[in-house]
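Engineer: Sequence:
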Amino acid sequence: LKDPTLPLVIDIGCGMGISLLGLASLNRQEDASCNISSSGKIWAELLDLPHSNNRNFLGIDLSGLAIGYAQGVAHRWDLSGNLHFAVESAEALLQQVSDSYPGPVSLCMIQFPTPYRLPTREEGSGGSDGAQ
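So for the sequence shown, our numbering puts the first residue at 7; every next one is plus one.
Hints may be right or wrong, so weigh each one.
What follows is a set of in silico ranges between Cβ atoms, one per label pair, in the way DEER data are often shown [as the list claims (entries may be wrong)]: (1) 98 - 8: 37 to 45 Å; (2) 24 - 100: 29 to 37 Å; (3) 74 - 102: 30 to 38 Å; (4) 110 - 81: 21 to 29 Å; (5) 82 - 127: 15 to 23 Å; (6) 82 - 116: 24 to 32 Å; (7) 84 - 126: 14 to 22 Å; (8) 96 - 10: 16 to 24 Å.
Heads up, simulated SDA-like pairs for lysine to any residue below, C-alpha to C-alpha not over 25 Å straight-line [as the list claims (entries may be wrong)]: (9) 8 - 77; (10) 8 - 103; (11) 8 - 102; (12) 8 - 126; (13) 8 - 72; (14) 8 - 106; (15) 8 - 31.
No wet-lab data here; the hints were simulated from the structure. Just so it is clear, CB atoms sit at the ideal spot from N, CA and C, and this is done for glycine as well.
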């Protein structure tokens, strides 16, 4: 992130990053005199984010595939300066932010998680004890 003292918006369980990509791109669209949808303006006002270039955005998810997609879009849209995605658990991220982020956290969004954990290849697809 370019300026870690800016307020931070966190999206836990961000999936492909759609919410953060939209929020991070709002100010750039205003600067380019593009039309922002009325719903985009309403959400920005509700979240008190009318000038999103004055915020940092951090999205995490346990899906590496989803995070890879989000990072690719952020790079193509030139949002990587204040928008970052990572494969991380909520617990680890919140501890890391609490311990080391110098700016304030202005918003933490928590998306509905997958209600179960998919087994890893090492665990196999057997029962809860990992038996095959």
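Engineer: Which of the listed hints are broken here?
Structural biologist: 1, 2, 3, 5, 7, 12
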